[in-house]
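Whole structure, please, built from the sequences with the hints as guidance.
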Amino acid sequence: MPEITEWRDRIWRYRLIGTKCKSCGSTYYPPRNGKCFRCGGETEEVELPRRGKLLSYTIVYQAPTLYKHSSPYIVGYIELSNGTRLFAMLTDIEPGEVRVGMELEATLRRLYTYGDSGHIVYGVKFRPVVE
Amino acid sequence: MSSEIVLVGYGLVRVGEYWNKDVVSIGVEAAARALEMAGNPSVGGVYIGSALSSTLGIQGNVAVHVADELGLGDCVTETVSSGGASSGLAILNGIHQLMSGEADYVLVGGVEKISDSLPSDVMEAVLIDLDRRVMKYSGLTEAGLAAILTRLYIDKYGVDKEKVTALSVLDHENGVYNPYAMFRRAVSLEMAMSAPIVADPLTIFDVAPYGDGAAFVVLTTKDKAVEAGIDYVELFGYGVSRNRVPVNYRDDLLSFDATSRAASVALDMAGLDLSDIDSLQIFDSFSITGVLALEGLGVSPHGSGADDVSSGKFNKGNKPAVNLMGGLKARGNPIGATGLYQVSEAMMLIRDVGVKYVLVHMMSGFDDNVVVFVLGGGGHA
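Chains as they are written, first to last, in this note's numbering: chain A, 863 to 993; chain B, 294 to 674.
Worth flagging that the hints you see were computed from the coordinates, not collected in a lab. Hints should not be assumed to be uniformly reliable.
[As the list claims (entries may be wrong)] 20 Å max Cα-Cα, derived SDA-like pairs, lysine to any residue:
| no. | chain 1 | residue 1 | chain 2 | residue 2 |
| --- | --- | --- | --- | --- |
| 1 | B | Lys606 | B | Val452 |
| 2 | A | Lys930 | B | Leu420 |
| 3 | B | Lys449 | A | Arg961 |
As structure tokens, this is what we get:
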């Protein structure tokens with residue numbers, strides 16, 4: 863697989879950048895160019911809030927090649943504090959501790975490494991908020 | 294439809310693992326059977342759906358290769374790729390060529406070769422047809438996404454997971470009678486629930502197995518079929534629709550809106566109501582996607598699909614009966630070819646079992662790109 867795609871996506875992936883509609887205020891992640899799909903308005907890139915809550919989740923046992931080293935791992939369906947919904951891996955938590963509705967925060971982590979080149983790909987994972 | 298489109302032949306290989314054959318060989322085998330049943334007409338186009346042949350580096354441009362190995366003369370050859378909707382779009386291309394008057398007969402098919410690649414590589418390849426960025430950077434797999442939908446469904450409607458998995462049990466019960474099915478044995482709900490976990494809470498029985506496959510049908514117009522004196526099944530209507538991708542852009546992950554729209558367009562074209570349909574062939578790539586497809590089609594209200602399946606409402610003998618040939622779980626899921634298995638099975642149900650109207654639903658991803666056909670009637674020359 864072409865690793866250039868990971869490099870091209872790095873900024874929005876590291877900084878949790880999404881798209882916001884200038885008219886209706888809808889936000890979505892990952893970001894994309896073009897008009898807002900809800901109202902057709904102009905859009906801009908924005909940094910998204912790094913806190914949210916868990917809507918649902920799964921524990922992946924059969925992993926694709928790049929994530930084999932992490933299996934089993936937890937992937938959450940998360941709603942950020944401004945309503946943006948996304949999928950991200952959970953970290954610093956054991957499967958038995960996961961609860962729908964729990965508060966989470968974004969943290970930058972290693973996602974996977976390409977074996978031949980040694981290219982390490984970083985991205986956002988979410989961990990439980992410790993008050 | 295302006296011209297009446299009919300199906301005059303089908304050819305399949307049983308879904309499974311063909312270690313000693315390549316994607317073109319199994320394609321040629323199935324295509325030759327379909328052409329033979331149709332009386333070996335001269336075709337003006339060959340349209341083949343294949344989701345992964347190119348991605349997995351197995352063989353690109355398969356339509357050209359299959360047409361050449363079949364020894365066909367000059368004709369349009371086109372390979373179509375749109376995940377589980379590939380077959381449906383190949384059929385649409387064929388319909389359009391017939392309706393334009395450019396061809397009298399077309400050969401449409403689907404081929405997929407899964408067993409040449411490692412399962413973890415296949416798992417990665419299928420993600421390409423979803424949103425690459427969403428899936429790759431979250432570690433979400435196709436089964437993982439289905440698992441999240443299942444948990445959302447269970448939590449929202451207070452349904453036991455057993456009732457979702459009941460669809461896989463139904464598939465296996467029906468698949469026993471399908472000679473082309475990958476698995477021809479019934480399974481108990483207990484066995485399905487206690488099987489190894491793929492992505493919590495899904496077990497291997499909630500996930501339709503990928504397999505090698507090739508399925509072809511020959512299309513023509515009713516006039517030509519009658520003129521040639523061959524049996525036919527009529528294609529009364531079709532509909533196509535897309536849902537928002539990536540899926541997390543959607544307001545409600547549990548609403549298969551594209552399935553609803555595509556079915557409604559197809560039924561309108563056919564001049565039929567949903568209540569006229571005797572049998573549904575739904576694209577249950579996972580138990581939950583099958584349940585959500587039933588709700589999207591409108592045979593069950595939102596939140597009732599799993600209840601209806603588990604209470605036996607869609608079992609054989611009822612109207613509508615669901616996945617009478619085993620669905621994706623028992624027949625197997627040769628992704629880009631699956632839709633043509635569904636259509637071929639619909640032809641068998643209409644021709645051999647006397648089912649009057651069959652609605653066939655196929656899609657890529659999770660309601661991403663949906664194609665629906667309404668088949669039925671038919672006649673003997």
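Cross-check of the supplied hints:
With a C-alpha separation of about 17 Å, the suggested pairing of Lys606/B with Val452/B holds against the 20 Å cut-off. Our distance criterion of 20 Å between C-alpha atoms is met by Lys930/A and Leu420/B, whose separation comes to about 15 Å. Between the alpha carbons of Lys449/B and Arg961/A the distance comes to roughly 15 Å, so the proposed pair stays at or under 20 Å and holds.
Hint check: no violations occur; every hint is consistent with the structure.
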